[in-house]
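Given these sequences and hints, build the entire structure.
Listed in order, the protein sequences are those of chains R and Y. Going by this note's numbering, the letters in the first sequence line up with residues 1 to 303, in that order. Going by this note's numbering, the letters in the second sequence line up with residues 1001 to 1306, in that order.
Source of the hints: derived by calculation from the structure; they are not laboratory data. Heads up, the beta-carbon is just placed ideally off N, CA and C, and yes, glycines get one too. Hints should not be assumed to be uniformly reliable.
Covered stretches of chain R, going by a simulated chain Y footprint (3 or more residues, C-beta under 8 Å) [what the hints assert, rightly or not]: (1) 34 to 48; (2) 53 to 63; (3) 67 to 78; (4) 84 to 95; (5) 123 to 129; (6) 151 to 162; (7) 266 to 280.
Cβ-Cβ distance ranges computed for the label pairs, FRET-style [unchecked claim]: (8) Asn1167/Y to Asp72/R: 31 to 39 Å; (9) Leu1046/Y to Thr207/R: 23 to 31 Å; (10) Arg106/R to Asn1165/Y: 45 to 53 Å; (11) His1098/Y to Pro63/R: 43 to 51 Å; (12) Asp199/R to His1098/Y: 54 to 62 Å; (13) Tyr198/R to Ser1078/Y: 36 to 44 Å; (14) Arg1131/Y to Val117/R: 35 to 43 Å; (15) Gln1211/Y to Phe88/R: 52 to 60 Å; (16) Arg1192/Y to Gly108/R: 41 to 49 Å; (17) Trp1073/Y to Val117/R: 39 to 47 Å.
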Amino acid sequence: MTASYIEVGGPVVPRQSLWRYWRGGLRGSEFAWAVAFVIPYIAVFLAFVIYPVCYGVWMGSQPHLYAEVFSDPIYQKTVVNTLLFVAFGVNLKLFFALLLSGFFMRPGWWVKALLMVFVLPWAVPALPTFISIHWMLNGEWGLLNNLLYILFGIDGPSWLNERWLALGAAVCSHIWKWLPFWTVILLAGRMSIPQEIYDAAKVDGATGLRRFLHVTFPLLANLYLVLTLLATIFLFGDFNTITFVTGGGPANSTHLLATLGIRDAFDLAQPRLGVAAVLSAMPVMIPLVIILMRKLKTAEVQL
Amino acid sequence: MSTTTADTPLATRSASAPAAQAMRRTARRWRYLSNAGAAVISAVLLVWTITPIYNMIMVSLEAEGDVFSDHIWPTPASPASFGIVVTQGYWYLEYFWHQFGNSVYMAAMVTLFTLLIGSLTSFSVGRMRIRNGWLITNAALFTYVIPASFLAIPFYLIMQHYGLNNNLWSVIAALVTFATPYAIFIFLEYGRSIPLELDESARIDGASPIQIYFKIYLPLMAPALVAVGTYALLLAWNEYLYQFLLLSNKESMTVPVALAQFLNSDVAPWNYMMATAIIYALPPVATYYAFRNRMSSGLTMGGVKG
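Right, here's the structure in full:
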């Protein structure tokens, strides 16, 4: 393309103007300063993102690793767990966040006070609360079963000793921890909708559910989609919930990809296998990341 | 729908007095109903939110040995376990304050470097308009969307290769890497509200870029710096995986790693563990509530990496 451009008679790009092109509008020493200012970030990016990514891809480049990973029954369970986690964890979390953000738009001091309490799970570090949930779900001495016994006289099950109950507990803990965060983002999204639009809708007779379906949701739809993608990607990397609530148990049946990778790499001392387990998510991750990067660039609601 | 929209105002206006009264009554009933609904939702939310935190406090107040019982409030509530933690009076806790210091140091360094690298980058890209700055924003976006835990294994091996195991700086490097993208976004976004003419006029007066950065850019960016600083601090305080992989001896460990070791040992006294957890949770909660308003204004622009 460049060649044909020159043939037509356009100016051949000389060295000096290529230099000028790179400098942009900056004069003299300013360009040097501008470069000096971005060098720390470029160094961090190359050393701690690109290098590990390339190293990881190199580690996981042997095809036989994947045969080994895919034939592992624990891996197969992990895939099912991940799908369930996305289906329930991500969607319920965002759906409740959407509804609750509407609830927190209500006027009144006590709604604001409730919001202050409601964000607590997000403000408290993950680890202490997940350990607390782990103990709370203990079949014999946990708060939950004690409560069930005192209130209803039922002996609750031993929550973390059965795969589906444990997985359900992990999904609930995940929702508990992250619901406030997404609610606050959606609340900010709702607050950025100008009041005039609602006034106009009111004149047209749209109230209650109809206002939500025809006014609020269309305006929030793009944000909601971006958040769903982001929450899905973050979920693939979720390590703390599983590690501390179920510990991957019973019998390694509640792992997610991140915890499985770490288990393979460190408990089984097979780092390549761990990397391969994590990399097996790439066919799903890469399209998600590409869509998300495009959406984030064009999104009107900045995230 | 269009018919009702046209009819409603007319109908209201021409309605007779009793009809209007009936309407007002339905409106009032509707309001009661919605308030009752709101009260129910609030109660459910409150119980849902508080239970695990309540459990944490309850267990920490148990007297020794009472953890394995079936009450839902310790009858003689005793703060003794807090005393044990604070005085390091149990063999698992002998390095508690040292480890707490490690956590504080690490979080402070992560905050400092995130602010420094983020603001320098955003100054160059957003204010000096370095050519091809989009490459840098894309790199940041790319880092933002990769789950940190996916890079943990190669990162660990690289750090081991360089002999940086048990060195807090390896953790600081990892966390700065994952916190800076968010910082860059927020700074670029916030910087758009500061007129470029300020920089221009300083330039004409002969100020060098570094002077503009220190004397104009940083002071005007103060609110964004606070928001991002809080974010980086909380991120470092919340993080577990990298600290767990990279720090393994008792002296270089941070509190979360020690807490997890506590959990995995069979003899763990739960009341001490929960007391440790509460003490560890207090600084971020205090920071969060102190800077809550700044944080949520930043949130319209960005998210916290989970």
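Hint check results:
no., hint, result
1, 34 to 48, "holds (count 11)"
2, 53 to 63, "holds (count 4)"
3, 67 to 78, "violated (count 0)"
4, 84 to 95, "violated (count 0)"
5, 123 to 129, "holds (count 7)"
6, 151 to 162, "violated (count 0)"
7, 266 to 280, "holds (count 5)"
8, Asn1167/Y to Asp72/R: 31 to 39 Å, "holds, 34 Å"
9, Leu1046/Y to Thr207/R: 23 to 31 Å, "holds, 28 Å"
10, Arg106/R to Asn1165/Y: 45 to 53 Å, "holds, 52 Å"
11, His1098/Y to Pro63/R: 43 to 51 Å, "holds, 47 Å"
12, Asp199/R to His1098/Y: 54 to 62 Å, "holds, 60 Å"
13, Tyr198/R to Ser1078/Y: 36 to 44 Å, "violated, 54 Å"
14, Arg1131/Y to Val117/R: 35 to 43 Å, "violated, 49 Å"
15, Gln1211/Y to Phe88/R: 52 to 60 Å, "holds, 55 Å"
16, Arg1192/Y to Gly108/R: 41 to 49 Å, "violated, 35 Å"
17, Trp1073/Y to Val117/R: 39 to 47 Å, "violated, 20 Å"
The structure does not agree with the numbered hints 3, 4, 6, 13, 14, 16, 17 stated previously, though it agrees with the rest.
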